[in-house]
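Can you build the whole structure from these sequences, using the hints too?
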Amino acid sequence: MEYHPQPTAGEARPWAFPAPERGALPNGLTVLRCHRPGQQIVAVEIFLDAPLDAEPEGLDGVATIMARALSEGTDKRSAEEFAAELERCGATLDAHADHPGLRVSLEVPVSRLAKALGLVAESLRAPAFAESEIERLVGNRLDEIPHEQANPARRAAKQLSKELFPATARMSRPRQGTEETVGRIDAAAVRAFYDAHVRPSTATAVVVGDLTGVDLDALLADTVGDWSGNAGQARPVPPITADDTGRVVIVDRPGAVQTQLLIGRIGADRHDSVWPAQVLGTYCLGGTLTSRLDRVLREEKGYTYGVRAFGQVLRSTAPGSSSGATGAAMLAISGSVDTESTGPALDDLWKVLRTLASEGLTDAERETAVQNLVGVAPLKYETAASVAGTLADQVEQHLPDDYQAELYARLAATGTVEATAAVVNAFPVDRLVTVLVGDAAQIAEPVRALGIGEVSVVSG
Amino acid sequence: MPMGHTATAQAGSGGLTATEHRLANGLRVVLSEDHLTPVAAVCLWYDVGSRHEVKGRTGLAHLFEHLMFQGSGQVKGNGHFELVQGAGGSLNGTTSFERTNYFETMPTHQLELALWLEADRMGSLLAALDEESMENQRDVVKNERRQRYDNVPYGTAFEKLTALAYPEGHPYHHTPIGSMADLDAATLEDAQAFFRTYYAPNNAVLSVVGDIDPEQTLAWIEKYFGSIPSHDGKQPPRDGSLPGIIGEQLREVVREEVPARALMAAYRLPQDGTRECDAADLALTVLGGGESSRLHNRLVRRDRTAVAAGFGLLRLAGAPSLGWLDVKTSGGVEVPQIESAVDEELARFAEEGPTPEEMERAQAQLEREWLDRLGTVAGRADELCRYAVLFGDPQLALTAVGRVLDVTADEVKAAARAHLRPDNRAVLVYEPVEAAEETDGADGTDAHEGADK
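Those sequence lines, one after another, are chains A and B.
Residue 3 is where the first sequence starts when you use the working numbering, and the numbers rise one by one after that.
Residue 28 is where the second sequence starts when you use the working numbering, and the numbers rise one by one after that.
Be careful, since some hints might not be right.
Distance condition first, Cα-Cα at most 30 Å in a straight line; then the derived DSBU-like pairs of lysine-lysine [what the hints assert, rightly or not]:
1) B:103 / A:353
2) B:187 / B:82
3) A:164 / A:117
4) A:303 / B:103
Far from chain A by the CB rule (all over 10 Å, computed), these chain B residues [as the list claims (entries may be wrong)]:
5) 139
6) 190
7) 258
Simulated from the structure, these hints should not be mistaken for lab results.
Values in this document were obtained by computation on a predicted structure and should not be read as measured data.
The beta carbon of each residue, even a glycine, is placed where N, CA and C say it ideally should be.
Okay, here's the thing in structure tokens:
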């Protein structure tokens with residue numbers, strides 16, 4: 003073939019993260035809307051201020067069961083009828099409970115938005131919470147637990163939370179409850195949680211898609227506008243603390259062919275001015291297969307299909323909140339390596355961290371990371387669902403509506419020195435809790451020899 | 028649109044158009060303009076997949092796909108990844124039974140770079156391919172196999188089902204990941220021969236979709252790909268044709284450390300690209316798609332004997348498609364109880380066919396899935412390549428949803444009656460064995476935490 007020199011880039015067309023229009027309905031529901039031409043599948047995200055911290059003592063999982071029960075019948079429709087009507091719209095509806103609160107996500111072709119949003123409104127305004135349906139959901143949830151337990155990545159995540167957070171903190175325990183707590187949940191408990199925490203005045207609906215020809219005001223008034231509730235009371239927000247004393251916990255899986263790694267601690271959330279630098283530095287450490295970790299662990303040594311470093315916000319508080327508590331993100335490195343390579347892979351991983359701390363990032367690395375993180379934005383936000391998801395994340399994290407748009411400017415302005423400092427601070431070699439789900443008989447000794455912290459073994 | 032409940036007047040083809048071109052070396056090109064967002068998707072399908080592999084070299088097509096990211100004539104090491112990501116693009120490659128695809132989604136102004144990179148490896152991969160890459164990626168792929176299949180409960184179920192449903196020696200008998208032994212056995216010479224056989228412009232389709240100037244794009248494609256010589260090294264794949272139904276019920280019981288009993292089955296279904304395949308898709312959706320399907324209502328809602336129950340469809344163009352039933356049992360429920368309920372539902376469905384409401388729901392679900400797929404430039408580029416490679420006509424991608432909406436309830440019933448029957452399935456039953464360590468439950472009762480959202 004005839005070789006040609008590598009082409010240079012053309013002129014970039016400007017793109018900005020979309021600015022939503024913010025408003026409120028008479029019932030107090032906050033609404034963010036965003037017109038995205040061409041996106042025929044509309045995404046609706048509804049955030050309910052019903053955090054896991056609000057679950058009553060001993061009833062971990064009640065928020066999850068309530069979230070699932072929202073789509074299991076209303077004052078007008080049985081569970082089967084509700085599911086059938088929703089699918090008749092070609093819609094999908096998901097609801098899940100997490101530390102910041104509960105999220106209901108609807109996706110539907112715009113031509114059937116009115117019908118589907120009517121169903122969602124019905125489920126928020128008048129959920130049936132029938133005893134037999136709650137019993138079924140509880141039974142189903144209990145059946146799911148062993149499946150999650152058997153999954154190495156999920157088992158590792160559960161163990162890390164248990165290790166990091168004090169036993170009294172909700173964050174130390176599984177988001178969706180344990181067999182013991184879920185088993186106690188009944189229809190009355192679900193109803194009580196709903197009555198205490200679900201109301202339009204503390205909820206936000208985000209609507210994104212091609213809204214050409216849609217009278218969204220009328221549509222909202224006819225659907226979620228009907229939902230009513232009292233004002234609700236502010237809850238105290240407990241601070242997030244974690245014990246990141248460097249140590250290793252092996253969750254024993256005799257005979258496992260791989261070891262699942264999850265190495266983490268907590269750090270700054272998006273309200274902290276270090277966030278852009280932390281994002282940039284974390285990307286350079288383990289954002290992709292050409293980042294530092296995979297360059298060695300995957301592309302040089304072949305120990306793994308891929309190892310990633312990431313920061314994921316656990317919960318944020320409004321700036322200047324009365325409790326003075328601040329939010330936090332989980333900062334972690336995860337991946338899996340073949341059993342035999344566990345010791346050598348961790349040894350290399352620590353070497354990568356130490357080298358990063360001693361030598362820092364290069365300007366070229368920082369430049370590539372900025373180009374990627376900023377440059378992929380138009381791709382990443384092509385669909386309505388991705389835009390709605392980020393806008394709803396901003397809402398639940400008490401961030402301004404232009405946060406993401408501003409973040410791109412801040413990333414571009416972050417220098418190599420700041421990014422280095424942030425990532426070294428985020429992943430200090432002696433303050434990392436390492437969870438390994440794997441064959442203890444084979445991996446415990448090589449891992450002890452590394453001196454990355456005291457090693458203990460728990461059963462799988 | 029005959030059904031009168033389409034999401035938009037022009038659902039699926041909704042104003043989308045595509046043009047087709049062919050270079051002198053045989054490279055087929057499909058272009059589709061869409062200026063809503065300043066991005067462009069490049070997608071390259073090579074007409075080679077695991078069905079082209081020979082005995083003793085399963086997994087080679089996929090291993091080779093990894094090697095395509097290890098540098099080429101003018102691109103060093105991981106340069107392909109570095110350059111695309113450094114340009115604000117995203118990229119990957121995947122391997123299936125019937126094809127290998129490579130794709131980059133770029134900000135518009137970086138489109139030329141992606142074309143240059145794809146052309147460089149199509150024309151000059153062997154200039155960079157060496158033992159070191161081969162050994163490294165062999166280890167990576169073996170770890171991919173462990174992570175995705177071997178170290179996950181039920182992880183090898185699909186592999187076992189295809190091995191049952193497609194007989195020994197059939198090109199679809201093994202899955203793209205291949206066996207550990209064959210991955211170990213593959214040599215650099217195998218990889219070089221694989222490239223020389225299958226990686227040629229006349230064995231590929233390139234689609235570019237998005238915010239593009241078609242004339243300029245075509246000129247770039249001519250410039251970078253035009254001088255790559257075509258060749259006819261490729262042999263046609265082994266014949267994948269099989270009788271329409273299996274003719275007996277095949278069965279395998281797996282005793283493994285899994286969290287619950289499971290009933291899985293693979294049904295032999297009509298080939299992709301036929302109206303019967305769309306009818307079968309609708310039948311599987313009514314029976315086992317979503318939360319209002321017959322199996323979900325029966326097993327999860329009413330009998331409460333299953334944690335989850337559903338059907339999936341693997342569309343195949345070169346062999347019968349595969350309908351995959353997956354039911355995980357609840358608590359102590361035994362498999363025969365599930366199996367007789369499934370048989371009852373399938374028999375009733377074959378007898379009655381879908382109700383008008385069920386047809387409407389199933390078609391609405393499949394329509395949304397199509398709108399989703401065509402709603403991104405990358406999804407559209409992939410579908411255009413799919414229809415060009417497998418069916419010779421990319422335009423079919425833009426009208427696919429219309430064909431699904433055109434199917435009648437009688438056709439769905441006929442598809443179910445012909446195919447969803449006990450003598451046309453391979454059954455896989457999982458019976459858990461207890462691990463000594465898992466008996467106390469003291470530390471074994473919690474659910475997951477989701478650090479990996």
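### Message
What's the verdict on residue 103 of chain B and residue 353 of chain A, does the C-alpha distance respect the 30 Å limit or exceed it?
### Response
Satisfied, since the Cα-Cα distance of roughly 25 Å is no more than 30 Å.
### Message
Would the non-interface assignment of residue 258 of chain B survive a Cβ cutoff of 10 Å against chain A?
### Response
Consistent with the label, residue 258 of chain B stays out of reach of chain A, its closest Cβ about 12 Å off (over 10 Å).
#### Entry: Assertion that residue 139 of chain B lies outside the chain A interface [Cβ separation over 10 Å]
violated, 4 Å
### Message
If we take the beta carbon of residue 190 of chain B, is the closest beta carbon in chain A still more than 10 Å away?
### Response
holds, 20 Å
### Task
Below or equal to 30 Å on CA atoms is what counts here, so check residue 303 of chain A against residue 103 of chain B.
holds, 18 Å
### Task
With a cut-off of 30 Å on the C-alpha distance, tell me whether residue 187 of chain B and residue 82 of chain B pass.
Holds. Residue 187 of chain B to residue 82 of chain B sits at ~17 Å (cutoff 30 Å).
### Message
Hint check: residue 164 of chain A vs residue 117 of chain A, CA-CA at most 30 Å. Holds or violated?
### Response
Judged against 30 Å, a Cα distance of about 43 Å means the pair is violated.
Consistency note: the structure conflicts with the earlier hints numbered 3, 5.
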